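Chemist: Here is what each chain is made of, one letter per residue.
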Amino acid sequence: MNAPGLSDALSAAEPVVAARPRPARRDAGVPAWLQALPFAAVFVFFFIAPLVLVAAVSLWPTSDYALVPGFTFDNYATIFAGCGNLADPCVTLKTYASTLRFSLTAWAITLVLGFTIAYFLAFHVRSVAMQTLLFVVCTIPFWTSNVIRMISWLPLLGRNGLVNQAMLGAGLVDQPVEWLLFSQFSVVLTFVHLNTMFMLVPIFNSMMRIDRSLLEAAEDAGATAWQTLWHVIVPLSRTGVLIGSIFVITLVMGDFVTVGVMGGQQIASVGKIIQVQTSYLQFPLAAANAVVLLAVVLLIIVALNRLVDLRKEL
Amino acid sequence: MKREPRRPGFWPLACVFAGFVLFLYGPVITIFVLSFQGPEGGLTFPMRGLSTHWYAELGKGLGVVDIGAALRRSFSLGAVVMLLTVLLSLSAGLAFRKRLPGGNALFYVTVASLIMPSIIVSLGIALQFRLLDAALKWLLEAVGAGSMLEGYTTSLGLYTSGLGAHLSWTLPFGLLIMFAVFNRFNPAYEEAARDQGATPWQSLRHVVLPLIAPSVVGIGMFGFTLSWDEISRSSQAVGELNTLPLELQGLTTTVTTPAIYALGTLTTGVSLAVVTAALIAVAALRRRRAAPR
Chain A
1 MNAPGLSDAL
11 SAAEPVVAAR
21 PRPARRDAGV
31 PAWLQALPFA
41 AVFVFFFIAP
51 LVLVAAVSLW
61 PTSDYALVPG
71 FTFDNYATIF
81 AGCGNLADPC
91 VTLKTYASTL
101 RFSLTAWAIT
111 LVLGFTIAYF
121 LAFHVRSVAM
131 QTLLFVVCTI
141 PFWTSNVIRM
151 ISWLPLLGRN
161 GLVNQAMLGA
171 GLVDQPVEWL
181 LFSQFSVVLT
191 FVHLNTMFML
201 VPIFNSMMRI
211 DRSLLEAAED
221 AGATAWQTLW
231 HVIVPLSRTG
241 VLIGSIFVIT
251 LVMGDFVTVG
261 VMGGQQIASV
271 GKIIQVQTSY
281 LQFPLAAANA
291 VVLLAVVLLI
301 IVALNRLVDL
311 RKEL
Chain B
1001 MKREPRRPGF
1011 WPLACVFAGF
1021 VLFLYGPVIT
1031 IFVLSFQGPE
1041 GGLTFPMRGL
1051 STHWYAELGK
1061 GLGVVDIGAA
1071 LRRSFSLGAV
1081 VMLLTVLLSL
1091 SAGLAFRKRL
1101 PGGNALFYVT
1111 VASLIMPSII
1121 VSLGIALQFR
1131 LLDAALKWLL
1141 EAVGAGSMLE
1151 GYTTSLGLYT
1161 SGLGAHLSWT
1171 LPFGLLIMFA
1181 VFNRFNPAYE
1191 EAARDQGATP
1201 WQSLRHVVLP
1211 LIAPSVVGIG
1221 MFGFTLSWDE
1231 ISRSSQAVGE
1241 LNTLPLELQG
1251 LTTTVTTPAI
1261 YALGTLTTGV
1271 SLAVVTAALI
1281 AVAALRRRRA
1291 APR
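Residue numbers (this note's numbering), protein chains in the order written: chain A, 1 to 314; chain B, 1001 to 1293.
Honestly, the hints are just simulated from the structure, not real lab data. None of the values given here were measured: they were computed from a predicted structure. Treat the hints with care, since some could be wrong.
[Claimed, not checked] Coverage of chain B stretches by chain A, computed from C-beta distances (three or more under 8 angstroms per stretch; other residues unrestricted): (1) 1042 to 1051; (2) 1112 to 1118; (3) 1166 to 1173; (4) 1258 to 1264.
[Claimed, not checked] Facing chain A, from chain B, some residues (calculated, C-beta under 7 angstroms): (5) Phe-1010; (6) Leu-1013; (7) Phe-1020; (8) Ser-1091; (9) Ala-1092; (10) Leu-1100; (11) Gly-1124; (12) Pro-1200; (13) Ile-1231; (14) Gln-1236; (15) Pro-1245; (16) Thr-1267; (17) Thr-1268.
The beta carbon of each residue, even a glycine, is placed where N, CA and C say it ideally should be.
Using the sequences provided together with the hints, build the complete structure.
Modeler: What follows is the structure in structure tokens.
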């Protein structure tokens, strides 16, 4: 069987409420609230309070280095200054457009790739042992630091990298291709490299729960493999697709490390703007940007939820 | 063994899978190989000789960055995060099995923390501790503790804000694994223990814990490796002393020798060693449980 691990963690995200452990019939020993208290305290102090502060500070006036309480919409006004003109969008809109484009591209590729791999593992690999083995093979790279997985593209994509050497050697190009590294291409490639797993794992879990007799029924009714895939497997994998999509989109929307390292510090992203503003101690501006980013991410999640009703799936 | 013909689509899909695995592993294997460049070697192929030269260089330090200290910092922070992740997730997991008022809200907050863009959490924690600093300074001034005020710089640190930032990332994984575990847990064992007159503590210690031990090891493994590789949440929230991944991120722009590949290989090695140790521990625990006594 699987080792306890990522598949457990990501699959447990599926049965949001329904599969929660049933309460024991008799409460005994330590009261439940006391057992949950340290855990809850961490989230109150290191998650909820910081978010509330971000929202509050986004309304404080910008000042040099000090944090001065106040109430103003100036930060938001600064962010969106000159954004009315859609013919020549302001920096903020351009940055959001570029971040969204990265998100959608990475999402589309990881979805197709993750679904294909999951489908292969779940329905074409026959023995459970082989399934487990191949699945574990896919999840191992998750345990390596993201930065290392990024820098490991350098010797492949660089001007004198393996890809260029091979293409030159094969006579495909006359001179090294420059756009392989520190470009939009390398950023998207790295996003796919880092995040496909977050799509693959939940989809695989959804597929493994599909009752195999449904597939036989489809076959008996004369469905082709393609029809079975489209009318049986895809609808029944929706929960996994939704969870994977939420992971990939939130990871890419907030990213600043990948865009920084693989974009050669030349490509803007919302996360990077927040990081830069923080390093210059422009906290109110950074906070306002964080609130806008959060709003956009929440909108995407709500939209996804509309597309696939998570409640109904449970 | 039945030997039906492979269904149509198997071989194309198998090729996609093989390509995917190559895509996943190829780059990492490349830097592993390149880290053993000879002293003359550069960042790309061809290999010029074979040596551990760049590991020795790494031992001497990279520029102004004290790699050894960063490594020790990350390791001890990872150990603390691991311990707390196990203790808090286990305790919360047990709480969720009973009637827990507000349990739903806590669950949603936990999931929200998992999918919240990390830069926002990191910024929030940094803000929180800066405001805390301001409040403390004001307080110290108010009570007239001038000497303490001079020595005081900031409450931002590895084991305050940094630890909190890491826990907000590792605990959701811990709790979800606990849920997965207790979903499959048969409460009949506990009832049997209770019928035999075991106290709640005894039934936890002698019945529940041994049964779920492999998963608890898994949670520990998650806690350590997630903390060991973490960047986004720490970026604003660790204070002055950086963790290893943060140093590594900085080095990507300044170090132009294979020493950086050596460092990459080394930290990957630590991650994989922890995962392997955890898997061995899990296997040992399973075997002990399966063995007749």
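Chemist: With reference to the structure, classify each hint as holding or not holding.
Modeler: Hint check results:
{"no.": "1", "hint": "1042 to 1051", "result": "holds (count 3)"}
{"no.": "2", "hint": "1112 to 1118", "result": "holds (count 7)"}
{"no.": "3", "hint": "1166 to 1173", "result": "holds (count 4)"}
{"no.": "4", "hint": "1258 to 1264", "result": "holds (count 3)"}
{"no.": "5", "hint": "Phe-1010", "result": "5 angstroms, holds"}
{"no.": "6", "hint": "Leu-1013", "result": "4 angstroms, holds"}
{"no.": "7", "hint": "Phe-1020", "result": "6 angstroms, holds"}
{"no.": "8", "hint": "Ser-1091", "result": "5 angstroms, holds"}
{"no.": "9", "hint": "Ala-1092", "result": "4 angstroms, holds"}
{"no.": "10", "hint": "Leu-1100", "result": "4 angstroms, holds"}
{"no.": "11", "hint": "Gly-1124", "result": "3 angstroms, holds"}
{"no.": "12", "hint": "Pro-1200", "result": "3 angstroms, holds"}
{"no.": "13", "hint": "Ile-1231", "result": "5 angstroms, holds"}
{"no.": "14", "hint": "Gln-1236", "result": "5 angstroms, holds"}
{"no.": "15", "hint": "Pro-1245", "result": "5 angstroms, holds"}
{"no.": "16", "hint": "Thr-1267", "result": "6 angstroms, holds"}
{"no.": "17", "hint": "Thr-1268", "result": "5 angstroms, holds"}
In summary, the structure agrees with every hint in the numbered list given earlier.
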